[in-house]
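Below, each chain spelled out in residue letters.
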Amino acid sequence: MMSRRALLIAGACLPIASLTSGWALAQAAPSPNDSILVCVFLRGGVDSLNLVVPHGDAAYYADRPGIAIPRPGKGKNAAIDLDGHFGLHPRLAPLHDAYGAGELAIVHAVGSPHTTRSHFEAQDYMETAVLDRRAKDGWLGRSLAKRSGGSKEPLETVALSNRTPLALRGYPNALSTPALARFSLRAPRRTRPALLRGFSRMYATGDGAIERSGRDALAVAKRLTELDLDKTDQKYPGAAKPLAEIATLIKANVGLQIAWIDAGGWDTHTGQNARLDRQLEGLGEGLASFRRDLGDHMERVVVLVMSEFGRTVRENGTGGTDHGHGGAMLLLGGAVKGKKVYGRWPGLAAEQRYEGRDLAVTTDFRDVLAEVVEKRLALAPSTAIPSHSGTRLGILG
Amino acid sequence: MRERGATLAALGVAAAATAACSKIRSQEAPPKSPSPAPAASGALTPTPIDARQARRALNRLAFGPRPGDVEALVKQGFTTWLDAQLDAKAKTPAIAALEPYAGALVPPDELVQRALGDDADMDMDMGGKEGQKALRKRITRGTRQQIQTLALAELTRHILSPRQTHEVLTDFWTNHFNVFARKGLVQLFAGDYIERAIRPHALGRFEDLLIATAQHPAMLLYLDNAGSVREPDVDMPKRGKKRRGLNENYARELLELHTLGVDGGYTQADVIDVARILTGFSVTRPRDGELRYVFRERAHDRGEKKVLGKRFPAGVGEAEGLELLRMLAAHPSTARHLSRKLAARLVSDTPPQACIDAGQKAFLATKGDIAQVVRAIVSCPEFFAEKSHKLKSPLELMVSAARAFGIEPDGSPDLAKTMALMGQPMLLEPVPTGFPEAEVDWLGSSGMLARMSFASAVGTQSLPGVELDLDRVLPNPAEDIAKRTARHLFGESAPAALVALLESETQSVDDAEDKRAVAVALSLGSPEYQRQ
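Protein chains in written order, with this note's numbering: chain A, 1 to 397; chain B, 1 to 532.
Hints in this document: simulated from the structure, not taken from any laboratory.
Please note that the accuracy of each hint is not assured.
[Said to hold, decoys possible] Label-pair restraints from in silico Cβ distances:
id	chain 1	residue 1	chain 2	residue 2	range
1	B	Ala-497	A	Asp-277	58 to 68 angstroms
2	B	Arg-196	A	His-85	56 to 66 angstroms
3	A	Asp-34	B	Ala-512	49 to 59 angstroms
4	A	Lys-339	B	Arg-141	41 to 51 angstroms
5	A	Arg-190	B	Asp-410	20 to 30 angstroms
6	B	Ala-269	A	Gly-206	47 to 57 angstroms
7	B	Phe-295	A	Leu-131	26 to 36 angstroms
8	A	Arg-190	B	Arg-141	50 to 60 angstroms
9	B	Ala-330	A	Gly-238	52 to 62 angstroms
10	A	Arg-197	B	Thr-350	31 to 41 angstroms
11	B	Ala-269	A	Asp-97	51 to 61 angstroms
12	B	Gly-245	A	Asp-97	44 to 54 angstroms
13	A	Glu-226	B	Asp-511	25 to 35 angstroms
14	B	Asp-511	A	Asp-132	52 to 62 angstroms
[What the hints assert, rightly or not] Partial selection, computed: residues in chain A whose CB lies under 8 angstroms from chain B:
id	residue
15	Tyr-60
16	Arg-133
17	Arg-163
18	Ser-176
19	Thr-177
20	Leu-185
21	Arg-189
22	Gly-198
23	Met-202
24	Gly-208
25	Ala-209
26	Asp-216
27	Ala-217
28	Gly-317
This one's a predicted model, so the numbers in the text were calculated from it and none came from an experiment.
We put the beta carbon where it would ideally sit given N, CA and C, even for glycine.
I would like the entire structure built from these sequences, with the hints used as guidance.
Next up, the structure:
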């Protein structure tokens, strides 16, 4: 067959042939199967200032007397220094190795130019990558729709989410389910074999969209039962079960290209420290397990961790923080130019903040997404993120 | 047949939607309305209709047939049935199964009282920012269950109301004027919104419907108009350093989604002036002691505005908002936009232009009488055309299956979870466009698998949250169950291939009830049953 890569490159080059942007020919872009993207969306607005602690910024400590993470070296709950200015939350310690190995990068003071502090609006913007509430498709959906055409693997695009995330909308082939282990025909044991067989026969033929979709569904369910999703040598924390499932798909070479994981529980208005400890233990240990589990496969994988916004610099009256503006992103993987905190730090002094209260945004989140689209999906960024020509940070090799 | 009818009568349910309604208006309607487009005139309302057409009518203008409905409609004739269904003044009879969910439909004030318990008054007076915040939180928490209960109230009525076209249109308008129940205090108002803004006008005049939504807290909070104030905000109290001013969110959706349509011929300048006109359309705060729509004079922009070329002179308050809404409701673009959308719901994802034109014409001639627009659209020949396929939404699948098999919600909110699993969590669609209508938007593989799982749960009588007894609908499960089940759902037109498949799969299990379970599950999960 004509290789998908060749098609892709041909297709991708057309729209940019006349452009003079920094986007060069796609020869350096990896073929899709060598390039797996795993997006982890922390829903609720993670407190990026405690995730990646600006311990070199005095204002951080001044405004967070109760919840600041101590400077590196100040006790066992202190930040883990990265570069003399930033440090990791202590529960992210399992990721320190990856940082040292140059496989973990951080973008700080990144976020949306839109002013909203509403979760769902901010999430929508971040997922559509268009600052317009009426946008119906997401940045990944848009990209995937552009590059579809060849035969589609049923497990090419997988979202572990209660609903198809907006980011993937526009691409009907995306599979979304809260957990792969639950993606099966649910029926009592006595009648299950007859029902499975009956539905399989029923949907086996027919060119209608309904028949095709039913056929795909049953094929995926069948494929998943063969994979034995529960079996993994690596021990993941409970909260990181979705990462374990994605790792299984990657190791089994089922043709996965894009995975999306929704992770909730980050809206820490009260009692933040205890809650964030728990949450970040799951994230830190989860990602570290994922990296160990995948071993050499990590060369093909980039994990992008994002959230809709950061939180207020000042802690509130209930030991938490409220909805803010600028946040942080993490990128993990073999292709990441890590061991670096990207972005310009705007400072946390009152006059340096956004509207006097939040971390300002110095990097548009779309710059990062554009780079991911360009380097990992081998597409011109403008196909995924229209009306934004930003700058590249050079995070991905 | 007879036996089924008798069973239903014993359940206290009218055999068909028809019986409850009189024949009034059958001759006088449409009055002078131009419902038939010139090209289609004469070809409309095929009476008598056959069973296939009756099934089509019941799948589009109702949430699917119940046992006996198809035969009754054939006997009654389409026009008579339609007249009764489109009677906007008819009353929905009391539905006993609604009782456990009725609490979700009470006015917001009552919900707050319940959420706060005995010390409600004291709480309402709590001063200060922190106090107000705590109050909001308690209200939000105390009413969280509300959303699922409300979803069940809607499902129950969709399943059991004899005024089926009114139910279909209620769902249509609830989605057209979508609100996201989980945004802030919207959940507190969602029940009231459906009950008192949508339902009374679902078959009435569009203008009344539009104004009811425009003055409802659910919409004003969801699309941020409640906090939109005139610029510059010199006299407005400042909230910290937060700048308050004009919010265009509602104004834009009002033009683009609710009335004119995206190609309706308005500009960004129109959006801004619509937003200015609607400044002051707001909502009282919990501490005010009651929760309702309020017009805030101080927030209102009293300057001159211009929308779609029409001048709105300076110095007018709430009245200019109402004038604007009336103007939008009567606009030809609105007529076209709504007719197109209704035709997409009732006829096909890509409705023929003649159908849209007929609806638009009826809309303009009757000053937005929704019942007459529906009549004009379903009078176009394509309504009954075999090729006018439509995929059932998850809601339509669930409700049609419930009607076919006599399923009733059991008082618990479990069915709301099933709706979420099938991809249509009721009242929880965040975007103002509402749930999609077209087939392509619903055909994900997890959605399809969820449909098959739902069908399996019905067949095996293990669907949570419902009362379901297949013995009442398909007794004697051992006897010729494959053919009987297929006939039950598809009538005489049951596809032979499906019947053959049911025959062979029911033979693969021994137990009589299992045979019936397999036949019912496979029929409900078949591609044929996913179509309307």
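Problem set entry | Closest C-beta approach of Arg-133(A) to chain B relative to 8 angstroms, hint status | Nearest chain B Cβ about 7 angstroms off; hint holds.
Problem set entry | Status of the hint placing Gly-198(A) at chain B (closest C-beta pair under 8 angstroms) | holds, 4 angstroms
For this session: Let me know if the C-beta of Gly-208(A) comes in closer than 8 angstroms to any C-beta of chain B, holds or violated.
Result: With a minimum Cβ separation of about 7 angstroms from chain B (threshold 8 angstroms), the hint on Gly-208(A) holds.
Exercise. Could one say that the CB atoms of Ala-269(B) and Gly-206(A) fall in the range 47 to 57 angstroms?
Worked result: With a Cβ separation near 51 angstroms, Ala-269(B) and Gly-206(A) satisfy 47 to 57 angstroms, so the hint holds.
Problem set entry | Closest C-beta approach of Arg-189(A) to chain B relative to 8 angstroms, hint status | violated, 10 angstroms
Exercise. Falls inside 26 to 36 angstroms, the C-beta gap from Phe-295(B) to Leu-131(A)?
Worked result: Hint holds: Cβ distance 31 angstroms, inside 26 to 36 angstroms.
Exercise. Falls inside 25 to 35 angstroms, the C-beta gap from Glu-226(A) to Asp-511(B)?
Worked result: holds, 29 angstroms
Problem set entry | chain B contact restraint for Arg-163(A) - C-beta distance below 8 angstroms | holds, 7 angstroms
Exercise. Does 51 to 61 angstroms hold as the CB distance between Ala-269(B) and Asp-97(A), or does it fail?
Worked result: About 57 angstroms separates the Cβ atoms of Ala-269(B) and Asp-97(A), which means 51 to 61 angstroms holds.
Problem set entry | chain B contact restraint on Thr-177(A) - CB to CB distance below 8 angstroms | Hint on Thr-177(A): holds, closest Cβ of chain B at ~5 angstroms, below 8 angstroms.
Exercise. Does the Cβ distance between Arg-190(A) and Asp-410(B) fall inside 20 to 30 angstroms?
Worked result: holds, 23 angstroms
Exercise. For the hint on Asp-216(A), does the least C-beta distance to chain B fall short of 8 angstroms?
Worked result: Status holds, d = 4 angstroms.
In the structure shown, a violation is registered for the earlier hints numbered 8, 15, 21, in ascending order.
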